[in-house]
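Participant: Here are the chains, one letter per residue:
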Amino acid sequence: MLKINDLHASVDGNKILKGVTLEVKAGEVHAIMGLNGAGKSTLANTIAGRDDYEVTAGSIEFQGKNLLDMEPHVRVGEGLFLGFQYPVEIPGVSNLNFMRTALNSVRKYRGLEDMSAAEFMKLIRAKAEKLGMAPDMLKRFVNVGFSGGEKKRNEMVQMAVLDPTLAILDETDSGLDIDALKTVAAGINAQRRADTAILLITHYQRLLDYVEPDVVHVMIDGKIVKSGGKELAVELEEKGYADVA
Amino acid sequence: MAATAETKQQVEDMSGEYKYGFSTDVEMDMAPIGLSEDVVRFISAKKEEPEWMLNWRLKAYRSWLKMAEPNWAKVNYPKIDYNEIYFYAAPKSQNKPKSLDEVDPELLRMYEKLGIPLREQEVLAGVEGAAKVAVDAVFDSVSVATTFREELKKAGVVFMSISEAVREYPELVQKYLGTVVPQRDNYFAALNCAVFSDGTFVYIPKGVRCPMELSTYFRINAENTGQFERTLIVAEEGSYVSYLEGCTAPMRDENQLHAAVVELVALDDAEIKYSTVQNWYPGDKDGKGGIYNFVTKRALCKGKNSKVSWTQVETGSAVTWKYPSCVLAGENSVGEFYSVAVTNNYQQADTGTKMIHLGKNSRSRIISKGISAGKSQNTYRGLVKILPGADGVRNYTQCDSLLVSSESGAHTVPYIEVKNPSAQVEHEATTSKISEDQLFYCRARGFGEEEAVAMIVNGFCRDVMQHLPMEFAVEAQKLLGISLEGSVG
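Chains A and B are the protein sequences, given in the same order.
Quick note: the first sequence, position 120, residue 120 per this note's numbering, numbers continuous.
Quick note: the second sequence, position 221, residue 221 per this note's numbering, numbers continuous.
One or more hints might be untrue.
Unchecked claim - From chain B, some residues computed to sit far from chain A (all C-beta separations above 12 angstroms):
#1 66
#2 208
#3 237
#4 242
#5 475
To be verified - Coverage of chain B stretches by chain A, computed from C-beta distances (three or more under 8 angstroms per stretch; other residues unrestricted):
#6 432 to 439
#7 442 to 448
#8 458 to 469
In short, the hints are calculated from the structure, not lab data.
All residues carry an ideal CB built from backbone N, CA and C; glycine is no exception.
Let's have the full structure, built from the sequences with the hints guiding it.
Facilitator: What follows is the structure, encoded as structure tokens:
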């Protein structure tokens, strides 16, 4: 589904990714672990197409198409989703309006009619309830005044509504208490199907207790230095990055 | 473009019979170029005005001659030569496009985005004969307008062109005209008094709640209001009216100078809600052409508990000079000003409000949202003045500026004069730049770049947009997005 080959990328002229190679197949959950500054978030943002992340070499292929040729919103239309490490506040825009516009933009890209307001309300209420989000949160402005946990939960609701083929979740677990972590994990597991794939980016092995990965990668200084099964995450937790790598 | 071609054919077929009439009219309805007493007399005669009206115009003209064009606003434009302007020129058919095919494709693209039906597009674009076609051929709009007039008549509401009102309600017009904005108020107001082409007169009798929103849209097909528009709205005791001015679609207009005057009078317990969407031609991407919009709008909250609310969405014109104001004379009177001003490319806007508190316990609220894109300059200029006798006054002002581009400018110039120690005046101002994080977040949810900007800007303007009547709000939202197209950076 996702094939990254020898990817190099810079931000503001600083080389951050120094040759990342990674393949994720349909039905798989991969976890990328690494310390702060290892380039995990840069990788996520580069896949999603953020403007100020410059790809200097290498390729990213998504479902057989060259992802690097696509505008960020086109990538979303193609089935990509990025769950943000720091979800952004948009004052004055209600969560409902935001999500409905997002869904209809994606539907438009896929040649589908807009979803009616009634149908959309039904869909979002169901998804919000499943993820333990209070209905009044939907009416509030996007992420404005949300706690850390509420923001992450909101990301999961957005993911559920957009139903992506590939979800990249950038530190979705950070700043969550144990209850919030469990609901977020349930959201991720609900998105786990034979036809979808998930790329988890995380510091800690904690989330992996609830979302069991098929493959774990260790990223250090802009490169994936080691890959293995879920036991690699446990090993990292015990011995630390320096010893494992 | 198949539908346009089809309409073009239809219009050509239908408008054939009007062509001759139009060109004859033009030759007859043109005043000599420039401004003189003779031109003022010509305009007055054309409108078959009574003596008092002519004298009023002449008095204004003589005052205007002694006045100087104001230069304190933060706008730059080449000096206007008033001897090079036609002050009275009914339909400018000579230069009218024959069909939509001759209309600037950019303009058509905007109409399409706003979802305006083809027939209306032609009226807006000034296609030859289209206005008559719209009235004659579009059956629905005729019946809507007719039902509308009957219902208003039943309620006793007067809603007509000001020229008609001068003839039919001379006492009312004489009683109020120029009482809120005096002839000598400012250079452009004086000019308007001398040469106003037409405009609207609204009178709401005592205790009447106007049964519908009054919209210029229902009048615009019938008369050409021209470049010097004059509006007078009088709300008698305990009455209410909501008035919508303008149109979200850009009107094709060859008049470069617009100097309108709007006067509102609210008596005891009366309320006037005045909403404007102004989207005149802003000039091209390089700042060539575009309308100069020098407007004087003022409301007199004359009676106790009276209330006037101005809501404006300004996206058009090359240069805007406009300060819809409230003179809060009545005890407990309320003035409100909600404004969104968007400037893009080389547009310049200097806009804001004046709240003059004379009455005890009068209150005012100002919410201004300025959005600057391209290389534009956007200024909020506001005055809150509290006179010595006005006890217990409250004012709240909030001015927010959003920069969309790094080459644009946002300026806030608040003046606060408090001469009564019991007043409570609050002023808040913020300036921010649309953030890369917000843009990327929207784009990572499937929004195109322009859609993302439109969403963020609409959120920024929410506090103002929610004061627009429903039918305006939806269109105005779309308009904000369209006005900012190609502006990211």
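Participant: Which numbered hints are broken by the structure, listed smallest first?
Facilitator: Of the numbered hints, all hold.
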